[in-house]
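Participant: Add chains B, C and D with the ligands to chain A, keeping to what the hints say.
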Amino acid sequence: MEGLVKVPVKDGLFQFTSPSPMLIVSCCSACGELVFPKQDYCPECCTDTMEEKTISSLGKLVCFTGITSPPPGFKGEVPYTVGIVEFPEGIRILGVMTEKNIDRLIPGMDIEIVMDTAFIEDEKEYLTYKFKPVQ
Amino acid sequence: MEGLVKVPVKDGLFQFTSPSPMLIVSCCSACGELVFPKQDYCPECCTDTMEEKTISSLGKLVCFTGITSPPPGFKGEVPYTVGIVEFPEGIRILGVMTEKNIDRLIPGMDIEIVMDTAFIEDEKEYLTYKFKPVQ
Amino acid sequence: MTEVVIAGVGMHEFGRYNDKDYRTLGSVAAQRALKDANMNMKDVQAAFCANVYEVSASGHNVLERLGLPGIPIVNVENACASGASAVRLAYQAIKSGQYDIVLAVGFEKSPRGFLHGAGYDHWQESTGLGANPLYFALNIHEHMVKYGTTKEQLAHIAYKSHKHAVHNRYAMFRKELSVEEILQARMVCDPLTLYMLCAPNDGGAAAVICNKETAERFTQNYVTIAASVLETRRRRDMFVPAVSAPAQASYPFLAERAAQSAYKMAGLGPEDIDVAEIQDVDAGSEIIYSESLGFCPIGEGGPRALAGETSLGGRIPINVSGGILSRGEPVGASSLGQIAEITWQLRGEAGPNQVQGAKVALSHSEGAGGNSCVTILVK
Amino acid sequence: MTEVVIAGVGMHEFGRYNDKDYRTLGSVAAQRALKDANMNMKDVQAAFCANVYEVSASGHNVLERLGLPGIPIVNVENACASGASAVRLAYQAIKSGQYDIVLAVGFEKSPRGFLHGAGYDHWQESTGLGANPLYFALNIHEHMVKYGTTKEQLAHIAYKSHKHAVHNRYAMFRKELSVEEILQARMVCDPLTLYMLCAPNDGGAAAVICNKETAERFTQNYVTIAASVLETRRRRDMFVPAVSAPAQASYPFLAERAAQSAYKMAGLGPEDIDVAEIQDVDAGSEIIYSESLGFCPIGEGGPRALAGETSLGGRIPINVSGGILSRGEPVGASSLGQIAEITWQLRGEAGPNQVQGAKVALSHSEGAGGNSCVTILVK
Ligand SMILES: [Zn+2]
Ligand SMILES: [Zn+2]
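Chains as they are written, first to last, in the numbering used here: chain A, 11 to 145; chain B, 11 to 145; chain C, 2 to 380; chain D, 2 to 380.
Calculated from the structure, these hints are not laboratory results. Each hint can be trusted.
Listed below are the simulated EDC-like cross-link pairs for lysine to aspartate or glutamate, each with C-alpha atoms no more than 20 Å apart in a straight line:
no., chain 1, residue 1, chain 2, residue 2
1, D, 43, B, 50
2, A, 63, A, 21
3, D, 147, D, 301
4, A, 110, D, 126
5, A, 63, A, 99
6, C, 265, C, 275
7, C, 380, C, 350
8, D, 360, D, 273
9, A, 142, A, 120
10, A, 16, A, 131
11, A, 48, C, 20
12, B, 48, D, 20
13, C, 21, D, 126
14, D, 21, B, 50
15, C, 21, D, 122
16, A, 20, A, 131
17, D, 96, C, 101
18, C, 360, C, 272
19, B, 16, B, 135
20, A, 85, D, 122
21, D, 43, B, 58
22, D, 36, B, 50
23, B, 20, C, 122
This is chain A alone, in the form it adopts within the complex:
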């Protein structure tokens, strides 16, 4: 995938140009609620009291599943795995994992956030965040 322009699947989801990729969240300045992806209003307070932050790139795998048939609108390749990771800041996030199947996944294992190809389209490499087991 050398030579392809790299673009995020959506602006504002993550920082991918810095050395270590980080997810961008909103944090409510009134109640401390964290939300990913970022948004303008706090889901708890319902006020526009959100500040943009990045979170730690390390978390723990809560649960996971493996998928073999492409769901509607999916532009990547099957099989793939999806998990929920809990981060020390106090938020759980859903994401695609780097593993193709669940064989080596263990609940509670350490996970780091990496940037990886989501799909290639119109000669662009679309990047997304993925959860990678820490070796």
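Facilitator: Showing chains B, C and D with the ligands alone in chain A's frame:
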């Protein structure tokens, strides 16, 4: 269009095998209401008191319009015209007309029902009723 | 008896926004309405969301942007009358005492071109009978035959609409058009040219509906809902997607029945209305509905409009926002847009299009399936 | 205080009907419900129609088949909870005295395969996060990790469902399956195999909702609605289409909140329920929801089901109709189908699947956007 199998665009709309084509309506045995296309329940009484009938093949043109761009799902050819015809039995019916444009159409003119090609698909000629000015 | 009021309204500009999805259109409108009412989502106890073209949970996905209070959210679809149907559900929920504050929000990102999916059977569509503008054209053609309504009168409706819309930031078309331009534009369905038909587009509109006592805790700038009515097609209404109707069907037709119910509910008559937004989905419909709603005798809608009675400054100003002809029609949002416009009229906030001293206003929407909503607001 | 009752219910068999459109599926169900109530459309004063996948005026096009009384018709979309949301609107309209007789009808002709349009943002779909079964799989996997729920328990849920469905003419799958067949079927989303997930399909279901006095003029065979609740996702609910939630979120989650509201409204508790139809969109959901609804302690749903507590003849029979796993899910009709099933249970008309002496029944539906409806009926 010789050799193509002729099929109605929908069963039960009209009789097209008899010498003079006729529209099939439902007539309420309780209140006399006429409905086209036929249906099981009377729109006025809300009971299943409907009897199948055919109506006269001659009526008068109430109003009309000409269409030049194909609407969604249309399988025929543009331009075409559509009119509302009032029949002596006491019902107004919407239908495609045989004329390609409105130039020769006159409100109140006599109209007869004919069978004509709606569109050709899968080597079948789909027939529909059309309103034809009586010469 | 509970008095039901509109405590705030808001719109996302109607237009074409390739870079915005329905979530943005709806949430901007909802947030503007909440801000107008000095509230936020946490104050809201239930929400009715109006939309036609999204598949599932669209209102949930719109309102999620403004917070997740866990309140009941119901998505409503009633074609062009979706927004006013949502308002009616909100009105009833407040009136019955079930809730104190309910949000009604409509939003649409319309597909381009002729609208699909209006409920036609396959054979109607494949043979060329499944197109809404065809019904509009036939209705006004019959009116022309019966009452002598002219193409020039139709063109005048479109002219008036575009002239008024110049001053409306929420309208999509804000350029004045001459009667000649309108008459010479591409013929879509005789006698309706391109400029005599509305364009489906994108937008959002919202209203916060409350009981009066609750509203007064947040704002004094409210208007009262005197009537909120929804009626549905009967056999005699030759409206989308009907294929037949009784011959020589006599009045009242759908819009007239809805208006009569609304006038009765409000204890008012057409002579009391100071300003109205009505379903000018095409120039012919504005003429026909101006009669059905009682603003002039049957058959006189065209001449009265041409004489200026329905323009700004006239006896009964109709669609001085530019109406649907100039705003465009984001279907789910459209009738809530009307309600926002007449709320501003009653509050004296309509700017250059303000009808001076407006105290009673009416909104009328009508759409596929045969839905007719009439809402009457009083200051 | 107005007592709100169900005077009649009806279903069109759930299945796959390539030769029938949604109009037929809906109108057959509505007509059966009206007939069950000894009524026709002319008796009905308003209708709420539940559907997800049609575009516009779908309820109008369904009910047109049964007559055109001109009553207000509103189409409702709340994903899997659409039907129960329509019932709730009908319930409120009767309760408030607005109407005496309201029809709720749901119908769907589902697209085949994974359902689309559940409200995911584009990036969720394109990267592979936009699939409902993925949420079901993750939820039950966490449950397995936390409480030791096993694949065998999941397979038992599907086994029980299919075993019961053999006797239900309204179910799509009426063939008994062995636990081995279920476990060895194609893996869709670990740990859920094909037979542990419901299939979208076609069908219709309807209920006639009345005040008790009016119902008694038509039928004595009614059941009372003791509670009708709709709640929507909050921040802590990791449900379709949420991407994040607070860590270590504590109960109550969505279904538990809806259940608590419903029990409070009915003045009843989970121990009073004799039979329940719950949202077994997958085998894991039945386990989780059986806990959320209070039928067993959190974490014990799997073992209790395996021990037979939720089978016919058990302590609290769940989904003895075969549930959504065997009926299939025509989305707009599904939760009205549940309500029809529990109505028959209370009337003693459930045939071989009858829960003897059932006097209190519960229906629970939950779907995209985060909608949870709980309806409690009493004899
Ligand atoms: Zn907060
Ligand atoms: Zn009759």
